[in-house]
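The hints should help you fit chain Y with the ligands onto chain L, whose structure is shown.
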Amino acid sequence: MTYIKPKFRHPELPKNKIGYAKADYEGAISTLCGGCGHDSISGAIVQACYELSIEPHKLAKLSGIGCSSKTPTYFLSNSHGFNAVHGRMPSIATGANMANRNLIYLGVSGDGDSASIGMGQFVHAIRRNVNMVYIVMNNGCYGLTKGQNSATADIGSLSKGGSENRYPAIDLIGMALELGATFVGRSFSGDKTQLVPLIKAAMSHPGFALLDVVSPCVTFNNKPESTKSYDYVRAHLEATATIDFVPEKEEITVDYPEGRSAHVELHDGSVIHLSKLAPNWNPTDRYSAVNRLLESKMKGEVLTGLLYIDPNSQEMHELENTVSQPLNTLREKELCPGSKALETINASFR
Amino acid sequence: MKPTNIQDPEYFHKVVDCQYACPAHTPVPEYIRLIAAERYTEAYMVNWESNVFPGILGRTCDRPCEPACRRGRIEEEPVAICRLKRVAADNKEEVRHLMPSVPEKKNGKKIALIGGGPASLTVARDLAPLGYEIHLFDEWNKGGGMMRTQIPAFRLPESVLDEEVDYILDMGIHTHFNTYVESMKEVLEKDYDAIFVGTGAPKGRDLNLPGREAADANIHIGIEWLASVAFGHTTKIGKKVIILGGGNTAMDCCRTSRRLGGDDVKVIVRSPFKDMKASPWEIEDAQREDIPILNNMPPKEFVVENGKLKGIVFGKVAAIYDENGKRSLIPTGEPDVFIEADDVIIAIGQDNAFPWIERDLGIKFGKWDLPVVDKTTFQSTLDRVFFGGDAAFGPENVITAVAHGHQAAISVDLFCRGESVYNRPAPYTNLVSQKMGIHEWSYDSPVVVDKRYLVPHAEKQVALADRKVEVELGFDQPTGFKEAQRCLNCDVQTVFNTSRCIECDACMDICPTSCITFTANGEEGDLRTRLLAPANNTEQDLYVSENLPTGRVMVKDEDVCLHCGLCAERCPTAAWDMQKYLYQVTKATPIWNISEQSTI
Ligand SMILES: Cc1cc2nc3c(=O)[nH]c(=O)nc-3n(C[C@H](O)[C@H](O)[C@H](O)COP(=O)(O)OP(=O)(O)OC[C@H]3O[C@@H](n4cnc5c(N)ncnc54)[C@H](O)[C@@H]3O)c2cc1C
Ligand SMILES: Cc1ncc(C[n+]2csc(CCOP(=O)(O)OP(=O)(O)O)c2C)c(N)n1
Ligand code: SF4
Ligand code: SF4
Ligand code: SF4
Ligand SMILES: [Mg+2]
Numbered sequence: 001m002t003y004i005k006p007k008f009r010h011p012e013l014p015k016n017k018i019g020y021a022k023a024d025y026e027g028a029i030s031t032l033c034g035g036c037g038h039d040s041i042s043g044a045i046v047q048a049c050y051e052l053s054i055e056p057h058k059l060a061k062l063s064g065i066g067c068s069s070k071t072p073t074y075f076l077s078n079s080h081g082f083n084a085v086h087g088r089m090p091s092i093a094t095g096a097n098m099a100n101r102n103l104i105y106l107g108v109s110g111d112g113d114s115a116s117i118g119m120g121q122f123v124h125a126i127r128r129n130v131n132m133v134y135i136v137m138n139n140g141c142y143g144l145t146k147g148q149n150s151a152t153a154d155i156g157s158l159s160k161g162g163s164e165n166r167y168p169a170i171d172l173i174g175m176a177l178e179l180g181a182t183f184v185g186r187s188f189s190g191d192k193t194q195l196v197p198l199i200k201a202a203m204s205h206p207g208f209a210l211l212d213v214v215s216p217c218v219t220f221n222n223k224p225e226s227t228k229s230y231d232y233v234r235a236h237l238e239a240t241a242t243i244d245f246v247p248e249k250e251e252i253t254v255d256y257p258e259g260r261s262a263h264v265e266l267h268d269g270s271v272i273h274l275s276k277l278a279p280n281w282n283p284t285d286r287y288s289a290v291n292r293l294l295e296s297k298m299k300g301e302v303l304t305g306l307l308y309i310d311p312n313s314q315e316m317h318e319l320e321n322t323v324s325q326p327l328n329t330l331r332e333k334e335l336c337p338g339s340k341a342l343e344t345i346n347a348s349f350r
Numbered sequence: 001m002k003p004t005n006i007q008d009p010e011y012f013h014k015v016v017d018c019q020y021a022c023p024a025h026t027p028v029p030e031y032i033r034l035i036a037a038e039r040y041t042e043a044y045m046v047n048w049e050s051n052v053f054p055g056i057l058g059r060t061c062d063r064p065c066e067p068a069c070r071r072g073r074i075e076e077e078p079v080a081i082c083r084l085k086r087v088a089a090d091n092k093e094e095v096r097h098l099m100p101s102v103p104e105k106k107n108g109k110k111i112a113l114i115g116g117g118p119a120s121l122t123v124a125r126d127l128a129p130l131g132y133e134i135h136l137f138d139e140w141n142k143g144g145g146m147m148r149t150q151i152p153a154f155r156l157p158e159s160v161l162d163e164e165v166d167y168i169l170d171m172g173i174h175t176h177f178n179t180y181v182e183s184m185k186e187v188l189e190k191d192y193d194a195i196f197v198g199t200g201a202p203k204g205r206d207l208n209l210p211g212r213e214a215a216d217a218n219i220h221i222g223i224e225w226l227a228s229v230a231f232g233h234t235t236k237i238g239k240k241v242i243i244l245g246g247g248n249t250a251m252d253c254c255r256t257s258r259r260l261g262g263d264d265v266k267v268i269v270r271s272p273f274k275d276m277k278a279s280p281w282e283i284e285d286a287q288r289e290d291i292p293i294l295n296n297m298p299p300k301e302f303v304v305e306n307g308k309l310k311g312i313v314f315g316k317v318a319a320i321y322d323e324n325g326k327r328s329l330i331p332t333g334e335p336d337v338f339i340e341a342d343d344v345i346i347a348i349g350q351d352n353a354f355p356w357i358e359r360d361l362g363i364k365f366g367k368w369d370l371p372v373v374d375k376t377t378f379q380s381t382l383d384r385v386f387f388g389g390d391a392a393f394g395p396e397n398v399i400t401a402v403a404h405g406h407q408a409a410i411s412v413d414l415f416c417r418g419e420s421v422y423n424r425p426a427p428y429t430n431l432v433s434q435k436m437g438i439h440e441w442s443y444d445s446p447v448v449v450d451k452r453y454l455v456p457h458a459e460k461q462v463a464l465a466d467r468k469v470e471v472e473l474g475f476d477q478p479t480g481f482k483e484a485q486r487c488l489n490c491d492v493q494t495v496f497n498t499s500r501c502i503e504c505d506a507c508m509d510i511c512p513t514s515c516i517t518f519t520a521n522g523e524e525g526d527l528r529t530r531l532l533a534p535a536n537n538t539e540q541d542l543y544v545s546e547n548l549p550t551g552r553v554m555v556k557d558e559d560v561c562l563h564c565g566l567c568a569e570r571c572p573t574a575a576w577d578m579q580k581y582l583y584q585v586t587k588a589t590p591i592w593n594i595s596e597q598s599t600i
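Those sequence lines, one after another, are chains L and Y.
Position 25 (the first sequence) corresponds to 25 in the working numbering; numbering is contiguous.
Position 101 (the second sequence) corresponds to 101 in the working numbering; numbering is contiguous.
A portion of the hints provided could be inaccurate.
Here are the computed lysine-lysine pairs in the DSSO-like style, where the Cα-Cα straight-line distance is at most 30 Å [what the hints assert, rightly or not]: (1) L:160 <-> Y:435; (2) L:223 <-> L:70; (3) Y:266 <-> Y:326; (4) Y:316 <-> Y:239; (5) Y:364 <-> Y:203; (6) Y:236 <-> L:5; (7) Y:14 <-> L:7; (8) L:70 <-> Y:435; (9) L:15 <-> Y:451; (10) Y:310 <-> Y:277; (11) Y:326 <-> Y:367; (12) Y:185 <-> Y:142; (13) Y:435 <-> L:5; (14) Y:482 <-> L:7; (15) Y:14 <-> L:5; (16) Y:266 <-> Y:236; (17) L:7 <-> Y:451; (18) Y:203 <-> Y:316; (19) Y:482 <-> L:5; (20) Y:142 <-> Y:106; (21) L:146 <-> Y:435; (22) L:223 <-> Y:435; (23) Y:451 <-> Y:435; (24) Y:239 <-> Y:308; (25) L:7 <-> Y:435; (26) Y:468 <-> Y:240.
Residues from chain Y that face chain L, not an exhaustive set, calculated with beta carbons under 7 Å [claimed, not checked]: (27) 446; (28) 449; (29) 533.
No wet-lab data here; the hints were simulated from the structure.
Computed from a predicted model, the values in this text were never measured in an experiment.
Note that beta-carbon positions come from the ideal geometry of N, C-alpha and C, so glycine has one too.
Isolated chain L (complex conformation):
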């Protein structure tokens, strides 16, 4: 029996700015199937949080139901967590965020959890621009319940049993762009060089940041004829650009190759650097993103990378004009300022 993760770590593991090693961002040993794309995404989340020097207790991970929604157990053991019922994570996230705006919210969901049962919740979280990262671990099936086609399975894609999917797929990316999402990206679990900077950028974005990550289900949806399989995705991968995330105050040390490139500066001073930009695409132009996405779809490509970012994003708290102090820390003194204050307020309406 080996299913115990040894306590030892590499003795020379470097520490990040706040003194934590990558191991400090790990979780329990995964019980997912070996080779599941979801585990790689967990690995990318650990890497991103380590690199961003996030204080684990300042992050809350939220999820619904599914293999994907189980993953928060397997990363960030020292962070807060809430495992909601199927498809209800967006509401929990919205409420938690309303109550305490000081945490970083990391939502993890599946294609079933978001595109079927949780669709109603998902769209409203986008609409409200809840300040959170929302990762969909998209395997085109219901992994946890043994691989039924999900709403993101492409038409014509073959399931494990060999049957063909007859229904058109819901493209969460297209939908999010349509709904006014302020940060939209797609990636592939098998490409950490792209996924890690995307997660870091998403975490630094003020507002709803959707990452649709194609994540093969090795057990139920990994036939080469499935459009969510390792082989298929690798063969059809296309990127909007090569992405690099440079946190605030860090010098840009990479030599970017010749060709079209762009910088997007975020509110906190960090910079998303994009190089080898796809033609006719501008990361801050929603219209060009929608076009680029459609174009890829017609060609049968799996378009990945950052698709759209609104650098002027206004998240829910700004839209609601809430106080800067987390609501859950407001005490009687602030909430009931007394009759004098009431009089002043009333007077203002006279």
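Same frame as chain L, now just chain Y with the ligands:
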């Protein structure tokens, strides 16, 4: 980098750090697992096959394996490999019937072994089963060489020594004890087909300072004095004793003095404490017996009064290191120190001495009067004369003597059969999957966090009262089991099959010590900078796959792999597998085939 050639028997051999470091390449993890399974007899035989003296070495080995042990790179202390060896020896059952038999009918070849130490005894064991008629000569009355004359009984009980020496002598060896060989010329004139010289480095260095001769009665040469104690000729020493020297011989001399009446025994070294040559555990044992070690004090003069030794005058120095790290000892200017002594033991090193080998026989001698010996074949410049052990390249230790003995035996056998001595046999290797089922391996893959267990000692008063009382008591079986579980099973190799890998990253993500990276290939120096975790230990190899479909390669830094099997566990396509690698140095004759008889 080029894809790693795992067909090269040395690649996985090197991953088994302890076995690789052991001069005789004892399959350490194999016997440790057998101990954990309470299969002590087989554990003993695995040892006996490779190092010939498990009970002796389990108490006295210099332990080159332990500083090499992977565990020491992962936490503070290595596995107590040496003490586990003793657990096997202490708990085994009858083993004689498992040892190779010696044919009644001899093969007609006659071999002389000069010296009865571990080197000669190893040659004897490896050749006797082949039917050689073997004659062993030693100046003492029993076999064992310095294991008997030098290593004190409180570290190595005579019964243990006798038992393991007798396993060999009982193989029909013709012993000629109490026989000092005076002339090599005479030996060559007899009808030996080959001669092996295993006479050790028998000359202790002296220290010629003023007063040396006048005080001769109370000044002793370390190794001569220890031999005299071992044979019961010396039974007493003065109350105040000074030992000069900081090696293992000095440690044995001071501890022996404590048992022969010395109650104020000091070890005094001329250089800094940290530069002492003695093994750390021997220094510890001496200190535990209330023996202070004074450093940076070179002796200047033996003080004699009325024809009797009074003590030694010491200078005071400090060690200064130049930019190349070369040390010089500079007097500090402090006044000299006089330290009283009834007896002084000089333990400042040993030399080889071959007064009995005439220099006109075709046996060439080189630097420091050492014979010219081939490092692989142990052949001298006279083709039928071979050297091994301390006699070949200067003083080392028992396990090195054994390793030499194995190789010399192969050479002697090749030579006697008229074959080239360079025709060395390849090692025996075997690589077998350990998979038993889902989440199930045939070895205990979970990695325990236990710290190295301490071995119990005999009570100090009891031990100091009798030089024959063994100090270390060895692990009991339960402690032996727990210590055995600390072993990481480095011989269970992570074997990667490129064609099966789907690059899902599962192994990379799960690996607790971040050994595995998928990245673009490059030169080794460059690759080492691009791995998931620092790969600064260049002594340890990088395992590189062929090109994968994405154009990347799998690179595994062997340095701190825990052999936990999680990479193989998580791999959906079994591209990784845990396979046990057995590496056995081929002996002149098969002694015990581990893979057939004891596999675990
Ligand atoms: C004090 C001391 C403590 C040591 N402790 C350890 C230890 O704890 N662990 C360890 O691994 N090593 C130890 N060693 C080293 C170890 O004993 C030797 O390295 C090892 O015994 C060498 O083996 P060998 O077979 O080469 O020769 P030896 O063991 O030296 O045997 C050679 C034999 O040949 C005999 N001989 C020599 N010339 C002739 C001749 N012309 N005719 C007949 N006989 C002859 C010698 O008397 C001797 O008996 C110690 C050494 C000393 C001095
Ligand atoms: C209310 C409710 N309905 C149905 C289920 C059964 N169920 C569990 S997981 C799941 C689908 C999960 O699919 P997805 O979100 O894609 O996760 P995956 O396992 O593929 O990662 C369903 C339908 C449930 N747990 N709760
Ligand atoms: S069933 Fe599929 S999605 Fe679930 S753990 Fe296994 S591979 Fe991953
Ligand atoms: S952990 Fe075990 S196999 Fe590995 S080097 Fe140490 S003793 Fe040898
Ligand atoms: S056996 Fe595999 S998972 Fe375990 S430490 Fe070694 S490479 Fe890593
Ligand atoms: Mg799914």
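Hint-by-hint comparison with the structure:
1. L:160 <-> Y:435: Holds, at roughly 27 Å.
2. L:223 <-> L:70: 24 Å, holds
3. Y:266 <-> Y:326: Holds: residue 266 of chain Y and residue 326 of chain Y sit about 28 Å apart, inside 30 Å.
4. Y:316 <-> Y:239: 25 Å, holds
5. Y:364 <-> Y:203: 20 Å, holds
6. Y:236 <-> L:5: Roughly 58 Å separates the two Cα atoms, so the pair is violated.
7. Y:14 <-> L:7: 25 Å, holds
8. L:70 <-> Y:435: Within the cut-off at roughly 28 Å; holds.
9. L:15 <-> Y:451: At roughly 25 Å apart (the allowed maximum being 30 Å), residue 451 of chain Y and residue 15 of chain L satisfy the hint.
10. Y:310 <-> Y:277: 28 Å, holds
11. Y:326 <-> Y:367: This hinted pair holds, its Cα atoms lying about 23 Å apart.
12. Y:185 <-> Y:142: 25 Å, holds
13. Y:435 <-> L:5: Holds: residue 435 of chain Y and residue 5 of chain L sit about 18 Å apart, inside 30 Å.
14. Y:482 <-> L:7: 17 Å, holds
15. Y:14 <-> L:5: Satisfied, since the Cα-Cα distance of roughly 25 Å is no more than 30 Å.
16. Y:266 <-> Y:236: Holds, at about 17 Å.
17. L:7 <-> Y:451: Holds - the C-alpha atoms of residue 451 of chain Y and residue 7 of chain L are around 13 Å apart, at most 30 Å.
18. Y:203 <-> Y:316: 29 Å, holds
19. Y:482 <-> L:5: Distance of about 19 Å is within 30 Å: holds.
20. Y:142 <-> Y:106: It holds: about 25 Å lies between the C-alpha atoms, which stays within 30 Å.
21. L:146 <-> Y:435: It holds: about 26 Å lies between the C-alpha atoms, which stays within 30 Å.
22. L:223 <-> Y:435: Answer holds: residue 223 of chain L to residue 435 of chain Y is near 26 Å, not above 30 Å.
23. Y:451 <-> Y:435: 28 Å, holds
24. Y:239 <-> Y:308: 15 Å, holds
25. L:7 <-> Y:435: 23 Å, holds
26. Y:468 <-> Y:240: 22 Å, holds
27. 446: Where the cut-off is 7 Å and the nearest Cβ of chain L is about 5 Å from residue 446 of chain Y, the hint holds.
28. 449: OK, holds: residue 449 of chain Y within 7 Å of chain L, min 5 Å.
29. 533: With Cβ-Cβ at 4 Å, under 7 Å, it holds.
The structure fails hint 6 only (numbered hints given earlier).
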